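Asks: If you want the building blocks of each chain, they are given just below.
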Amino acid sequence: DSGVTQTPKHLITATGQRVTLRCSPRSGDLSVYWYQQSLDQGLQFLIQYYNGEERAKGNILERFSAQQFPDLHSELNLSSLELGDSALYFCASSSGTVVEETQYFGPGTRLLVL
Amino acid sequence: QKEVEQDPGPLSVPEGAIVSLNCTYSNSAFQYFMWYRQYSRKGPELLMYTYSSGNKEDGRFTAQVDKSSKYISLFIRDSQPSDSATYLCAMRAGTYKYIFGTGTRLKVLA
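Protein chains in written order, with the working numbering: chain E, 1 to 114; chain C, 115 to 224.
Any given hint might turn out to be false.
Unchecked claim - Which chain E residues face chain C? A few, computed with CB under 10 Å, are given here:
1) S2
2) G16
3) D40
4) G42
5) G96
6) R110
These are computed hints drawn from the structure, not numbers from a lab.
Computed from a prediction, not measured in an experiment: that's the story for all the values here.
Cβ atoms here follow ideal geometry from the backbone N, Cα and C, with glycine treated the same way.
Isolated chain E, as found in the complex (with noise of 0.2 Å):
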């Protein structure tokens, strides 16, 4: 167990919908990362969070957005949803104060789009 969690684990929902998905990090790690993961293309970045300020941002679609909260934990929404976002949509944290530093990964969400 990492010390990550994510909910809900499973989503099914149809084209056109907006959905939520929630990371909550390891105690003590200021920053959050998002990836998604899907067969073709493999793990991608997707942005990243420090103590609640957008740090760095990979391939996240316009659709997309992401905050991190006071209390740390974080947000994705995914809105406008189309049957290419399936995919499993992974968290990860760390401490984001050292150069050499472990992300440490959730056991992931996994989002059909029918």
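With chain E held as given, fit chain C onto it using these hints.
Replies: Only chain C this time, still in chain E's reference frame:
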């Protein structure tokens, strides 16, 4: 061309074999190199973390980085069936943007 290339496998080896997993990359700015192991339906877990070139050993695992060839390797000695998983290489430059390989599926046969 992808920034990081990794053979997807699957790679099947007998128990006790030495396994070699590799990634190549194109961005010479990458300085931090990582190997993750991912079991089916689980999140990736960090195995090895290497800064710049050189070797790093941890138990049965050895990570090598050759920046001149833009090539990194992970060796697993005395492989066990419990090592059966997908192995992901990852790297980053000075920023916090991580680039992952697509992963190599490894199966160690008892």
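Asks: With a cut-off of 10 Å on the beta carbons, see whether G42 (chain E) makes it to chain C.
Replies: The hint holds - G42 (chain E) has a Cβ within 10 Å of chain C, the shortest such distance being about 4 Å.
Asks: Hey, does the G96 (chain E) contact hint survive, CB to chain C under 10 Å?
Replies: holds (8 Å)
Asks: Closer than 10 Å between Cβ atoms is the bar; does G16 (chain E) clear it against chain C? Give me holds or violated.
Replies: violated (28 Å)
Asks: Does the interface hint hold: is D40 (chain E) within less than 10 Å of chain C, judged Cβ to Cβ?
Replies: Status holds, d = 8 Å.
Asks: Given a cut of 10 Å on the nearest C-beta pair, is the interface hint for R110 (chain E) held or broken against chain C?
Replies: holds (8 Å)
Asks: Let's test the interface hint: is any C-beta of chain C closer than 10 Å to that of S2 (chain E)?
Replies: This interface hint holds because 7 Å falls under the 10 Å limit.
When the structure is compared with the earlier hints, a violation turns up for hint 2 alone.
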